[in-house]
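S.K.: Take a look at the letters that make up each chain.
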Amino acid sequence: MPPENKSTLGRRLLFLLPVAAFVALAVTFALGLGHDPTMLKSAMIDKPAPAFALEPVMADKPGLARADLGGKPMLVNFFASWCAPCRVEHATLNGIAASGIPLVGIAYKDKLENAQRFLGDLGDPYQKIGLDLDGRTAIDFGVYGVPETYILDREGRIRFRYAGSLSDEVLKTEILPRLAALERP
Amino acid sequence: MIRHLLLGLLLALALTGPAWAVNPDERLADPVLEARARALGKSLRCLVCQNQSIDDSNADLAHDLRVLVRAQLTAGDSDAQVLAYLQARYGDYVLLKPPVDPATWALWFGPPAVLLIGGGVLVARRRDHPAAPIPLSAEERARLDLLMTDADE
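Line order of the protein sequences matches chains A and B. All residue numbers for the first sequence refer to the numbering used here, where the first residue is 1 and numbers rise by one. All residue numbers for the second sequence refer to the numbering used here, where the first residue is 1 and numbers rise by one.
Since the hints were made in silico from the structure, they are not lab data. Don't take each hint at face value.
Sample of chain A residues facing chain B (criterion: CB under 8 angstroms; computed from the structure) [said to hold, decoys possible]:
#1 29
#2 32
#3 36
#4 43
#5 44
#6 133
#7 139
#8 142
#9 145
Owing to the predicted nature of the structure, the values given are computational and were not obtained by experimental measurement. Every residue, glycine too, gets a C-beta built ideally from N, C-alpha and C.
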């Protein structure tokens, strides 16, 4: 092959470089479009749950404070009566309570009577419930919006966050295996 | 009459400011603190609206974060402390300007690096292929030949 041919081939390939770069960028952006930022790993993972002390929601149940977390792996669920996806996930939460998994609730920016009515209508799956009136506790947990469910280990550290409505399927694939792993000594 | 009305309308429009989402009841009485809160608010991402700052967004969470920022400034926290507080809870994502660390080096230094590489390639090519000499025109060639034959004699 004469040397001239070789250099023109190299030059052709060089001209393709911007095209290749463009295709790579386009693919990156196309993938990014389907990316849901609420599915970002929480910055609170492996950090201890924040300090808080919340007033009770139900008359016959205590409020919730940081001291109630830990001891054993448990779930912390942020909910609100005004949040439609919370209604959707409530049957799954009732199932969790029936299976004996420790579950506590935090009512996010809710009115006391609305939260009470919500739990009266749909059932109360929580062992303890705190009323986070101004949403500060939620911010300390790194909550984007309700519903969100956190898995805490026995030291009270946040190990996993699920943003969005729980379902029996999500429970089986995302929550239960992680809880089981934390329960192993 | 109409001209006066139009003029008045234009003047009224000129007096309007940009519509911030910051509600009057959120504002701090101290103008210095409020100015710092505004600057911080513009650099913090509203997490549920993604490409708005908490200053621009009407979202509930943005309101709560604005109130939180102001509460912390009033309590005497520095700007850096407020940012660190939110960064610890929401990660780098809450900062509209990403920090310079190994994970973002490509972001910060990528474009200047590409510029340097491109400039380097251009310079190298210039050196390898100096501008080709312009061939003599027929006239010049004839004159040169004449001169050369003259010199030989």
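S.K.: For each hint, tell me whether it holds in the structure or not.
M.R.: A quick look at each hint next to the structure:
{"no.": "1", "hint": "29", "result": "14 angstroms, violated"}
{"no.": "2", "hint": "32", "result": "12 angstroms, violated"}
{"no.": "3", "hint": "36", "result": "10 angstroms, violated"}
{"no.": "4", "hint": "43", "result": "3 angstroms, holds"}
{"no.": "5", "hint": "44", "result": "6 angstroms, holds"}
{"no.": "6", "hint": "133", "result": "11 angstroms, violated"}
{"no.": "7", "hint": "139", "result": "6 angstroms, holds"}
{"no.": "8", "hint": "142", "result": "4 angstroms, holds"}
{"no.": "9", "hint": "145", "result": "6 angstroms, holds"}
This entry does not satisfy hints 1, 2, 3 and 6, going by the numbered hints stated previously.
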